[in-house]
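Guided by the hints, dock chain B onto chain A, whose structure is given.
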Amino acid sequence: MAVFLNSCMRIIEIPMLYLQQKLGISKLAWVFLLPNLLLFGLFAFLPVVLNLVYAMTGSDQILLEDRTWVGMGNYNTLLSCKDFLDPNSCTDDLFWRAVYNTLSFVLLQVGFMVGFALLTALILNSKIRARGFFRSVFFFPVLLSPVVVALIWKWILQREGLANAALEGAGFDTINWLLDRHWAFFWSVFVSVWAHMGFYTLILLAGLQAIPRDVYEAASMDAATPLRTFRRITLPLLMPTMIVVLVLSLIKSVQTFDEVYAFTGGGPGSATTFLIQYVYETGFAGMPRLFGLASAASILLALVLVVLTFLQLWASRRNANG
Amino acid sequence: MGKAIAFLTRTRGSRDHAGSRLHWTDWFTYGYLLLGIVLMFGPVIWLLMSSFKTDAELNTFPPRFLPYAQEMITLDGHTKPLPIFTVTEGELEGVQVAQVRRVGIVSQVVKMDAPDEIIKIKVKEREPVEKLALAWENYSDLFKRFNFMQFLWNSTFITVISTLIMLLVNSMAAFALSKYEFRGRTVVLAMIIGTLMIPQTVVLVPLFLVVREMGMINSLWGVIIPGAATPTGVFLLRQYMLTIPDEILDAARMDKASEWKIYWRIILPLSAPAIAVLAILAIMWRWNDFLWPLIVLSRTENFTLQLALNSFQGEMATQWSSLLAMTVLTLLPIAVVFAFLQKYIATGIASTGGK
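These protein sequence lines map, in sequence, to chains A and B. Mind the numbering: the first sequence is residues 1 to 322 in UniProt numbering, read in order. Mind the numbering: the second sequence is residues 1 to 355 in UniProt numbering, read in order.
Next comes chain A alone, as it looks inside the complex (with noise of 0.2 Å):
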C-alpha cells in the first residue's frame, strides 16, 4: 500500500514540476486548492444554485431543457393550507403531516437527548472507577450504521422479541411496537437517542473537563452546598458547550433520515415520515417524480438548517471567548 502510494505520488510530482516552472511558486497555490475547488464547485454550489432553478420548475423529466416553468407554483402547492394546523386541510397535505412529525420529534428527541447526555456526563466527570471504559460504553452506538442501529432494535421490538417477551413475563399483554403509531413514533425518538447521545455526551465531558479546578476549590472553602456549587458555578460555566450542542443535535435532528427510514419505513401510515424522506419519496421513490416539488420543500428545509447554523457559528465563536 504505502509503495503503492509513494509511486502514485512520484508520478504527480512531474506534471506539478512542471507547473511550478511555468507558474512561479506564489500561483501553485491554486494548482493544489483546483482538485478540491472543482469537487466544491460541481457537487456542492452548483446544485445549490440548481436547486433555485429546479424549485421553480414542474413534470418529471429530469433535464432542465425539458421542464415546464411554473414560477412559484411549487411553493404554493406547498405552502397553501386553510388552516395551517391541520395537515388534511392543505394542498400537499403529506409534505405539512412531515412538518408536524419533524417538530415534534426534534423537540422531544432534543430535549430527552441533551438532557440524558449532560446527566451522562455529569456521572461520568465524578469519581468512579473506570472512566474510560464507561465514555467508550456510551459512546459505542454513535460508530453504528443507521441501518444496523434500526434492525436491532427492530429486532428487539419485533412480535416475538425481546421487549414483548419482557412484558409477557410481567404479565402484561404483548403489543405490537412498530403497527402501533404512538409507540412506533416513541421508539424513532428513543432509538435516535440512544444512537446519538453518546456523541453529545464527549463534547458535554470535555467541556466539564475545561471547567478550572480551582473554582470548585474554592466554592468548598466558602462552603457552598453541591446543589448551589452544581447551579452556580458548573451550570453558567458549561452553558457555551451546552448551546453548541443544542444548536448542533437540533441541525441533526431536523435532518434525521435514515435511521428511522429503516427503522419503521415512515409508518405505520405517515407516522414517523419526517421532511427528509419527504424529500426523497416525493423526487426519487415516488412516480411519478417531483423532482421540482421535493427541490421546493427542501429550500424551506434549507433555509431553517441556514437559521440554524449561523447560530451554530454564533455559538461556537462565543464558545471560543468564552
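The reader is advised that the hints may include incorrect statements.
Stated by the list, open to error - Below are the DSSO-like pairs computed for lysine-lysine, each with C-alpha atoms no more than 27 Å apart in a straight line:
(1) B:Lys131 to A:Lys22
(2) A:Lys27 to B:Lys144
(3) B:Lys80 to B:Lys131
Claimed, not checked - Stretch by stretch, here's where chain B covers chain A in the computed footprint (C-beta under 8 Å, at least three residues):
(4) 24-30
(5) 277-288
Since the hints were derived computationally from the structure, they do not count as laboratory data. Beta carbons: idealized from backbone N, C-alpha and C, even for Gly.
The following block gives chain B in isolation, referenced to the frame of chain A:
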C-alpha cells in the same frame, strides 16, 4: 430545606463524609452506569447471540439468551439425521428416543438401540433434547445464497477509495490555504465555510442531476466523487498545518525541493495525527453512508452492505437468521476499528464536531 438538599446531594467524595459507607448517590451513580451498560451494549449482544440461532430457535417464544439447537443422531436404516427427544409420560418415561416423523399430534419414534421398531407416542409426551450450538450456517449461507461478497466488495471499495481521494484532495487544499499567501485566499475560505451550511441532504435533486449528467448513476464512482471535498476535512487539516512552522518549508526550498515534494515529504508526514483523525472519520462516514447511495445505486449488484441490509429486511422479514448474520458482519469492521482506535476516535470526533 437547604439542609435537606445538602443532605440529599452530598456524595462520598465530599470532605466531611470521606471514608463513610456507600451513599445513596453512589448507588445512583453506579446504578445508572450499570443501566447504561445494559442499555448500550445489551441490544448489540442480543443481536450477536441471535445471529447464532437456528431458524427453529429464532421462532421460539419467549426467546432464550443462549443459542440452543436440538441434538440429532444418525441411526442405521435411516438416511437423514433424526432429532432426539426425551419421553415425559407413559411407559417409556425418561427414555431418549429419535423421531422418525410426525403426523399431526402423533410422533413416530424409535429407540436408539432398536432403530427399526417404530413406536407411536403423542407429541405432548415428548421434550426435545437440546445442546448449546452456534448456527454458523447463518453466516456461511450468506455467501452461498446471496451476492454477499459483491456487497462487501462494493462497501470496501467505496470506503477505501473515497477515503484516499478525500485525504489527498483535502490535504492539498489545506496546504495551499495554510502555507501560501495569495489573493483570494479569504474568498476561498469563505466559500468553504459556505458549503458547511448546505448539507448534502438538501441538494439531493440537483446533485442527482449533476451526477447523472456525468454518467455516474449506478456506478460506485457516483458515490465516491461527490463526497470527496469535505469542508470539515479542509478545516481540520488547515488548523493543524497552521501549527507547522514555515521555517521548515524555507529550509526545504533552500535545498531546492519542489513544492510538491515539500507537500508530500514534509507537510503530510508532519500532519499525520490530523490525517489519522480525518481518515477514521472518513471511514466511518463512508461505511455507514445510506441516503446518497440509496439514490445513486439502484441495481442490486452495486448495492453497498447498508443498502443490501435495508432492502433485504423488507423481502426477508421471515428470514431473520440471514438478516441478523449480515447485520453482525456489517457492524464488525466498525467495531474492530473502535476497539483499536477508541481513544483517537473520541477526541477526533469531539474536536471536529462530527459531520
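Next item on the list: Tell me if chain B covers the region 277-288 of chain A under the three-residue, 8 Å CB rule, please?
Entry: Contact hint for the region 277-288 of chain A vs chain B: holds, 4 residues under 8 Å.
Check: Does Lys131 of chain B lie within 27 Å of Lys80 of chain B when you go C-alpha to C-alpha?
Finding: Within the cut-off at roughly 19 Å; holds.
Check: Is it true that the CA of Lys27 of chain A sits at most 27 Å from the CA of Lys144 of chain B?
Finding: This hinted pair is violated, its Cα atoms lying about 56 Å apart.
Note to self: Run the distance test for Lys131 of chain B versus Lys22 of chain A: straight-line Cα separation, threshold 27 Å.
What the structure shows: 76 Å, violated
Margin query: Is the coverage entry for the region 24-30 of chain A by chain B consistent with the three-residue Cβ rule at 8 Å?
Written below: It holds, with 6 qualifying residues against the three required.
Hint violations for this structure: numbers 1, 2, all remaining hints satisfied.
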